[in-house]
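Peer 1: Whole structure, please, built from the sequences with the hints as guidance.
Heads up: the protein sequence lines correspond to chains A and B, in order. Numbering follows my numbering, in which position 94 of the first sequence is assigned residue number 167; successive positions increment by one, without gaps. Numbering follows my numbering, in which position 27 of the second sequence is assigned residue number 217; successive positions increment by one, without gaps.
No lab work stands behind these hints: they were computed from the structure. Mixed in with the good hints there might be a few duds.
Pairs of lysine-lysine residues, derived as DSSO-like cross-links and limited to a Cα-Cα distance of at most 30 Å, are as follows [what the hints assert, rightly or not]:
| no. | chain 1 | residue 1 | chain 2 | residue 2 |
| --- | --- | --- | --- | --- |
| 1 | A | LYS404 | B | LYS405 |
| 2 | A | LYS404 | B | LYS612 |
| 3 | B | LYS605 | A | LYS403 |
| 4 | B | LYS545 | B | LYS272 |
| 5 | B | LYS405 | B | LYS323 |
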Amino acid sequence: MATLFQGVGAVTPFSASSSLDSNKLLLPSRKSLSISDSRGSIFVYRSDALNLKAATRKQDLLIPNAVATKGETSTSAKSGHELLLFEALHEGLEEEMERDPRVCVMGEDVGHYGGSYKVTKGLAEKYGDLRVLDTPIAENSFTGMGIGAAMTGLRPIVEGMNMGFLLLAFNQISNNCGMLHYTSGGQFTIPIVIRGPGGVGRQLGAEHSQRLESYFQSIPGIQMVACSTPYNAKGLMKAAIRSENPVILFEHVLLYNLKERIPDEEYVLSLEEAEMVRPGEHITILTYSRMRYHVMQAAKTLVNKGYDPEVIDIRSLKPFDLYTIGCSVKKTHRVLIVEECMRTGGIGASLTAAITENFHDYLDAPIVCLSSQDVPTPYAGTLEEWTVVQPAQIVSAVEQLCQ
Amino acid sequence: MSLSATKFVHPITAPPSTRSSDKPLFSTFFGSNHTKLRFNKPIVAAQRRSSSAASTSSPVVAVSDVVKEKKLKSASNLLITKEEGLVLYEDMILGRFFEDMCAQMYYRGKMFGFVHLYNGQEAVSTGFIKFLKKEDYVVSTYRDHVHALSKGVPAREVMSELFGKATGCCRGQGGSMHMFSKQHNLLGGFAFIGEGIPVATGAAFSSKYRREVLKEPGADEVTLAFFGDGTCNNGQFYECLNMAALWKLPIVFVVENNLWAIGMSHLRATSDPQIWKKGPAFGMPGIHVDGMDVLKVREVAKEAIERARRGEGPTLVECETYRFRGHSLADPDELRDPAEKAHYAGRDPITALKKYLFDNKLASEQELKAIDKKIEELLDEAVEFADESPLPPRSQLLENVFADPKGFGIGPDGKYRCEDPKFTQGTAHV
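Peer 2: Pasting the structure below:
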């Protein structure tokens, strides 16, 4: 599944990849691979080409996109409709609110203001001030209020204006959201969705650039998902609202303006499954949220250098989809995890442990995990760039792993 | 019944006039014989706690005086009927005997952990909860056994939950501090103070939502949130007072002010110890009532609950009460002044109700003794039931973590983890 995106405004321009260094083509010869499927052929990749002097073959190997352009929704190129990620979230939310009158939204500035990232734009006018509730600035209490409403029959969606603000709601999320179903012996369900943008933005400063997935991952009883494309944003939003479990949906501040064509028909994605972004043979790269784009940028470079990375967007941060991940590890025997979380105790750390525990025998090399530095995100642009994993680092990590 | 004053304070600032549909806030508070209540000068806490003599000279009229006026005009001159009196008595006796039984069982090693007993505060639970319908919600704290019993959770289920057995109201998974009952609309049981108040606010919000968005007829459930004096210094309390008053949620905030938060005296922890005053600061009535007197509590409860049911918004009720035992069964209770304990022991709510029933010829000694015996038998049966109930089996371990067990994810073999047979046995490592 490809993502067509156009960098617009808020999206960080990716650093240009320039390496076509033919001296680095080191892969052992393998059978030629021809990957084609019903969607139309992706590309044909013949490894014997790699052993020739790159100069003569440079043009043949230059592949502009690391991932296939999606052909299947275009029996006619016009099917589906194009929209931005925040609009996809909006669409998913509105469809669910239309479908079930118990679905309601609460959060700061979600009503009259339309949401600070416009995800709830127009909903208050349509559904009223009680259904799209503008709350006072009291995260712990309105999250708890959402939990109480969920226990008594409603299906609330609590929006944190920035994920970081949900640190104030940690008491309610940990103690009540995660635990009440269990401590009540299964009597009360809490079908709440807690969502909001997080991640490192453009010089937003330390406190607005937090990644809370690592803090929440230990809480028993909740599920965590991270969306990364308009397609999966809408699908995950709908799945989260329909789920009987409490779900935390992580969005990213810089991804709201991604554009993609999504199907007109209704669809709901699975909360527990990972997404295969680019099948490959040499190495498994596991990533989620914004780092998916850094990985894909690096993949372009890697493909031109002759590597064949398999990229998986894990999407489900808790629980991990060990089947998709496992199948990939069994195929490639090398794993690289690229995440925006902090190094210590992050999602990558848990994932490394899970893979080692389950698939140790299949690994040819230690798992490498690229995470953000354990540094409060600095304001200065240059420093901020160095705290987060950049495509060049991904490329060199792959090269190292594949030696 | 003792005559300590109930103060009723008009909020200092009037609500904005843009909301023209608002009725004046307190017009019907004390019924048709409404006596004009004026804002009283602040009374020092020590005075408030002393005998009633100081209060009779204040300009604020005591509840019992208002009620006396009502009495003269009605045919019967009593606050309750015989049936109501017996119901109240039985509920308070159930609470008291149950807690005493808990203490016995704890010291015999049948239950463990933190157990917080309610002895002395029964008037608050009985006074409020006996006014509720089954659909109304109650949210409590860790001192929740008696709230559960008053709300209708059978004693055997509460006892078996305390013993950690599978037949407990929460299948043994909650324990003393987490009593829940969907059938009786008891929303818990919370271990951290203050964390139940937002949940109660959410239940009240649900009720308003059902009435105004879903347009369900008769959706007028009221929520009662019980919590203590220590919680009144916590942020969640203030945040919820604000939201409840802002949206006029059908909730009553009941403060069980027993003066002590484990070993911290309320007077040492609070800049202004008069909690009822904090209601008007948020635009809701704040009432102080003698929480050792079940009839007084009942009068206030009736009005506050009916006010919420009519859609007029929340009320903050501070009940002056006292716990006869320590904070929990592990608390040696050495800090409290024996004179203070004796003072409140003399105001035991059960003794007071008994006296009222006898004085007004509503019940005889035999009738009350019969109730006592009935409750004792009920509790013996509850203990026996709990003793004989099975402990939770291993298969229960993973069952209620998720409402939808797909939440445990997909295992390495491609199947959902919850489909693994070891999962239902409780031995799967998730």
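Peer 1: Does the alpha-carbon distance linking LYS405(B) and LYS323(B) stay inside the 30 Å limit?
Peer 2: Holds - the C-alpha atoms of LYS323(B) and LYS405(B) are around 20 Å apart, at most 30 Å.
Peer 1: Holds or violated: LYS545(B) with LYS272(B), Cα cutoff 30 Å?
Peer 2: Holds - the C-alpha atoms of LYS272(B) and LYS545(B) are around 13 Å apart, at most 30 Å.
Peer 1: For a C-alpha distance cap of 30 Å, please report whether LYS404(A) and LYS612(B) respect it.
Peer 2: holds (28 Å)
Peer 1: Please verify whether LYS605(B) and LYS403(A) have alpha carbons no more than 30 Å apart.
Peer 2: Given that 30 Å is the threshold and the Cα spacing comes to 17 Å, the pair holds.
Peer 1: Take a quick look at whether LYS404(A) and LYS405(B) sit within 30 Å of each other, Cα to Cα.
Peer 2: Roughly 57 Å between the alpha carbons, so the hint for LYS404(A) and LYS405(B) is violated.
Hint 1 from the list above is the single one not met by this structure.
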